[in-house]
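Asker: Sequence:
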Amino acid sequence: IMFLNTLTPKFYVALTGTSSLISGLILIFEWWYFRKYGTSFIEQVSVSHLRPLLGGVDNNSPSNSNASNGDSDSNRQSVSECKVWRNPLNLFRGAEYNRYTWVTGREPLTYYDMNLSAQDHQTFFTCDTDHLRPADAIMQKAWRERNPQARISAAHEALELNECATAYILLAEEEATTIVEAEKLFKQALKAGEGCYRRSQQLQHHGTQYEAQHSKTLSFVYQCSKSEDLCKIFSVSQGHFIRCLEWLN
1 IMFLNTLTPK FYVALTGTSS LISGLILIFE WWYFRKYGTS FIEQVSVSHL
51 RPLLGGVDNN SPSNSNASNG DSDSNRQSVS ECKVWRNPLN LFRGAEYNRY
101 TWVTGREPLT YYDMNLSAQD HQTFFTCDTD HLRPADAIMQ KAWRERNPQA
151 RISAAHEALE LNECATAYIL LAEEEATTIV EAEKLFKQAL KAGEGCYRRS
201 QQLQHHGTQY EAQHSKTLSF VYQCSKSEDL CKIFSVSQGH FIRCLEWLN
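Position one of the sequence shown corresponds to residue 1 (UniProt numbering), numbered consecutively onward.
I should point out that these hints are in silico values taken from the structure, not numbers from a laboratory. Fair warning: there could be bad hints in the mix.
To be verified - Straight-line Cα separation of at most 30 Å, DSS-like style, residue types lysine-lysine; simulated pairs:
# : residue 1 : residue 2
1 : K191      : K226
2 : K226      : K187
3 : K141      : K226
4 : K191      : K141
5 : K141      : K184
6 : K226      : K36
7 : K36       : K10
8 : K187      : K141
To be verified - Here are the in silico distance ranges between beta carbons for each label pair:
#  : residue 1 : residue 2 : range
9  : S23       : K184      : 42 to 52 Å
10 : A150      : E194      : 44 to 54 Å
11 : S40       : L15       : 50 to 60 Å
12 : A137      : E107      : 28 to 38 Å
13 : E163      : W31       : 33 to 43 Å
14 : T6        : K226      : 35 to 45 Å
15 : R199      : S225      : 28 to 38 Å
16 : T18       : H156      : 51 to 61 Å
17 : F11       : S40       : 45 to 55 Å
Beta carbons are placed, not taken as given, at the ideal position from N, Cα and C, and that holds for glycine.
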């Protein structure tokens with residue numbers, strides 16, 4: 001008690017600063033480790049080393065170890081084949097992910113990747129007032145749909161109502177089988193999105209409904225421009241690669 005009474009405010013300030021610094025260093029290291037290895041360092045240490053010490057795994061039981069040998073081997077094999085793709089929006093499902101599936105017969109996307117992609121799509125391409133517009137309401141449901149064919153069908157349904165920019169985005173990412181097709185759809189999406197942006201810019205101060213619509217169109221135009229640029233970069237790189245092969249031959 002006497003020790004606590006002798007502590008000054010400077011001690012608590014130093015203690016708070018030191019703990020914040022240590023927490024920041026741990027967070028930076030965790031972020032670096034996750035980007036490099038695709039898994040959490042703290043989670044890996046806790047599962048690999050702490051769990052056996054806490055009694056999570058009974059290494060002294062021969063019956064359990066013999067019975068689970070086959071399961072552990074199969075689990076280890078499945079884990080070694082698992083690859084987490086960082087930022088799914090960098091690649092297009094139709095033109096690149098599906099082509100990988102056709103060639104190798106393996107699915108590069110897990111449910112975790114699908115959830116990441118769905119969260120990004122809902123953040124960039126939806127808003128709270130989408131239910132007021134029929135085409136946007138259809139697309140709001142389409143972004144949450146897990147079945148790819150149902151998503152594509154919903155996008156075509158939205159385009160039948162009007163020139164829905166987000167529907168073009170979905171078709172470019174998931175239905176287009178080549179980068180060239182995806183780039184054409186992105187151009188259509190950007191053209192439709194810029195028209196929506198100009199209209200929403202004039203109405204954004206008329207209420208929260210129009211303000212939310214303006215924020216959505218602004219985010220949409222940015223993401224669509226970025227995706228179109230990715231297509232151009234890929235097309236140029238592919239053209240240089242083909243010319244190099246022709247020169248070598």
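Asker: For each hint, tell me whether it holds in the structure or not.
Answerer: Structure-based check of each hint:
no., hint, in the structure
1, K191 to K226, "holds (14 Å)"
2, K226 to K187, "holds (11 Å)"
3, K141 to K226, "holds (24 Å)"
4, K191 to K141, "holds (23 Å)"
5, K141 to K184, "holds (24 Å)"
6, K226 to K36, "holds (25 Å)"
7, K36 to K10, "violated (39 Å)"
8, K187 to K141, "holds (24 Å)"
9, S23 to K184: 42 to 52 Å, "holds (48 Å)"
10, A150 to E194: 44 to 54 Å, "violated (29 Å)"
11, S40 to L15: 50 to 60 Å, "violated (27 Å)"
12, A137 to E107: 28 to 38 Å, "holds (30 Å)"
13, E163 to W31: 33 to 43 Å, "holds (41 Å)"
14, T6 to K226: 35 to 45 Å, "violated (58 Å)"
15, R199 to S225: 28 to 38 Å, "violated (18 Å)"
16, T18 to H156: 51 to 61 Å, "holds (59 Å)"
17, F11 to S40: 45 to 55 Å, "violated (33 Å)"
Consistency with the previously given hints fails for numbers 7, 10, 11, 14, 15, 17, ordered from lowest to highest.
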